[in-house]
Amino acid sequence: MAVLETHELTAFYGDFQALFGITFALDEGETVAIIGANGAGKSTFLKAIAGLLPRQAAAVRFDGRDIGALPAYEIVKLGLSLVPEGRRLFSSLSVEENLVVGAYGRRGEGPWNLATVYRLFPILEERRHTSSTALSGGQQQMVAIGRSLMSNPRVLLCDELSLGLAPIVIRDIYAALADIKQHGTSVVLVEQDLVHAMSVADRAYCFMEGRVSLSGRPRELSRDAIHAAYFGL
Amino acid sequence: MILTLDNLTRSFGSLKAVDGVGLEVAAGEALGIIGPNGAGKTTLFNLITGLLRPDAGAIRFDGRDITQASPRARCTAGIGRSFQIPHPFENLTVFENLLVAAIHGRRQREAQVVDACGVILERTGLIGFANRRAGTLNLLGRKRLELARALAGSPRLLLLDEIAGGLTEAECSELVELVQAIKQSGVTIVWIEHIVHALVAVVSRLVVLNFGRKIIEGEPRSVMASAEVSEIYMGIAA
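Chain order of the listed sequences is Y and Z. Numbering follows our numbering, in which position 233 of the first sequence is assigned residue number 233; successive positions increment by one, without gaps. Numbering follows our numbering, in which position 10 of the second sequence is assigned residue number 10; successive positions increment by one, without gaps.
Okay, chain Z solo, but in the shape it has when bound:
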């Protein structure tokens, strides 16, 4: 297992945002996470990346307990993430944004990461925008850059937080192809997404969260057809 969550719990005041979640992710796997607003999905990512500390439970990455590790240590250990709302350095160019992420993510010097950044720009379809100020990118461009920055640290585990929303169908399919290609390259992916058909095109396993708890997990289509999902999303038993 590249990532193991053991009984992970985190409260905000009286609200249990993540409540005893256990999860195992195998190396090379692509796992999807869905759940209604407030289910605890992003909080789970914040716990895995170290932006939040759990009240209880443990996180193991690559066999090592990282529960108390700093976000930076987790990043250099190989955990990358994209944020739901991209915040690039608007006044830096696309390429410079990538350099910052690569230098800090890999703890290498600029000269050592330049080539890798070029490759990532090509893969993410941003090579033509390399010298554009990040603040001038449109939504699809910013989403690609968010992905590119996450890849710049050369993560072995990539956490994606809602990257498919607000796109046209063609743009959405493009993004799906990109995530598929990242998976093909051997990166383990955990993807939070509302756009279920995009998710199902990539992931081989789906986890449903509700009120901080893991409700069901399994093969995506059978999970989507389950009584639990009907109950959570539509208020009816299937």
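Same shape as in the complex, but just chain Y:
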């Protein structure tokens, strides 16, 4: 049973069309990667789901219900949370304050709270009173993920978790992702870095120029097919 679906989802920036009809499904407990070159529409797709861009009411369904007309804060309450590209932490707040803000409008029950987020990222507990701007890039990414988890989402939307991070930090972040998955959270993972995305994904969609150019299970997708789906060559 799909927990999140889009049907012919289109999105625009002004009259610049960024998505040309994306049909997509995410099952409960599943991790799905969205891959593709820059400009393919991956981040736009997440923003449209999260309610940060205008979209058609029936183009996004969550738990069988049309959510395309809902504002972003209502969507968070339903159990969909975005970890935005570039972290976007509240720079005037401490680590813990950033996490607490994430619980605003939280869904009632669920596994995530300050204690469990700190168990997932122990370094954040050590640095709980530190200003978010004083953290390393990897630690900031952990705060961004933790902040999203604090709303106890059923679906976590992750935008470019590995961007600008050292390989060893990326490994830690992806290890945490496996943990999050264990808790039953479904994940949509936007990544340019194929190796990491494919290592955790149950399925993948490749986008090109705002359209789905390829989809399937990672082991069924050959490198040649992915290359073609990235560049249209």
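Some hints here could point you the wrong way.
Said to hold, decoys possible - FRET-style restraints, in silico, Cβ to Cβ:
#1 Y:Gly164 x Z:Gln84: 51 to 61 Å
#2 Y:Ala2 x Z:Ser14: 44 to 54 Å
#3 Y:Arg128 x Z:Gly13: 28 to 38 Å
Claimed, not checked - Counterexamples of contact, computed for chain Y against chain Z with all Cβ distances above 12 Å:
#4 Asp27
#5 Glu96
#6 Asn113
#7 Ala115
#8 Thr116
#9 Glu126
#10 Ile168
#11 Ile170
Worth flagging that the hints you see were computed from the coordinates, not collected in a lab. All figures in this text were calculated on a predicted structure; none of them were measured in a lab. Note that the Cβ used here is the ideal one computed from N, Cα and C, for glycine as well.
Chain Y is fixed; fit chain Z onto it per the hints.
Showing chain Z alone in chain Y's frame:
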């Protein structure tokens, strides 16, 4: 060579946006530039057109060192460009927008450029929109106008910055045909574009930038099939 970049370098604070880039473009050639976001592509154009000055390196256009020349001098010397985000004069008509570009780009009087502007409007498919306010154009119209304004200065070198995004397939093919026609007319083209198949339909050589550096250049299809491109775009070795 109509354009030569020699060890061009430009930093913003501690970020080296363009890092020792060397490049030669032959007259009449069409060259494509690709690279991830932040690779330094637009900064490179800003250096070539003089909107930014390099920290090091030199730019030669048509045998002349233009490294210290003003943007206006470069424009009148024959370098035209389109911007990634078109900013026409919204309250002027399409034709008036073109006149402004032609008068200033060629340093000629209005009477001398009117005919040329009409020709450009025809070539770019805008003749039917000549008297429309530029602010009322849709995306394809604005992209065409951006191209038309760049052509109005009658450039010998045309720099195109991401003109194919956000279009339908039919619109994209139309745009490709237009760029092909501009190339056929003898204008040298350097084109930054994410839509690789559009680029490959026009250019005979492709350069890949990443983190400000030139990573690889060569025949487009072999560049796209290279290990470097797979590594940069997909994080895997081919």
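Evaluated hints:
1. Against the hinted window of 51 to 61 Å, the Cβ-Cβ separation of Gly164 (chain Y) and Gln84 (chain Z) comes to about 22 Å, which falls outside the hint.
2. In this structure, Ala2 (chain Y) and Ser14 (chain Z) meet the distance hint of 44 to 54 Å, their C-beta atoms being roughly 46 Å apart.
3. A C-beta distance of roughly 30 Å is found between Arg128 (chain Y) and Gly13 (chain Z), which places it inside the suggested range of 28 to 38 Å.
4. Against chain Z, the non-interface label of Asp27 (chain Y) holds: every CB pair exceeds 12 Å, the least being about 25 Å.
5. Listed as outside the interface, Glu96 (chain Y) is consistent with that label: its C-beta sits roughly 30 Å from the nearest C-beta of chain Z, beyond the 12 Å cut-off.
6. No beta-carbon of chain Z is positioned within 12 Å of the beta-carbon of Asn113 (chain Y); the least distance is around 34 Å.
7. At the 12 Å boundary, the C-beta of Ala115 (chain Y) stays outside the reach of chain Z, the nearest C-beta of that chain being 34 Å off.
8. With a cut of 12 Å on Cβ distances, Thr116 (chain Y) stays outside the contact zone with chain Z, its closest approach being about 30 Å.
9. No Cβ of chain Z approaches the Cβ of Glu126 (chain Y) within 12 Å, the least distance being about 28 Å, so the stated non-interface status holds.
10. The beta carbon of Ile168 (chain Y) sits about 15 Å from the closest Cβ of chain Z, which is more than 12 Å, so the claim that it is off the interface holds.
11. Not every beta carbon of chain Z lies more than 12 Å from that of Ile170 (chain Y), the smallest distance being close to 10 Å; the non-interface claim is violated.
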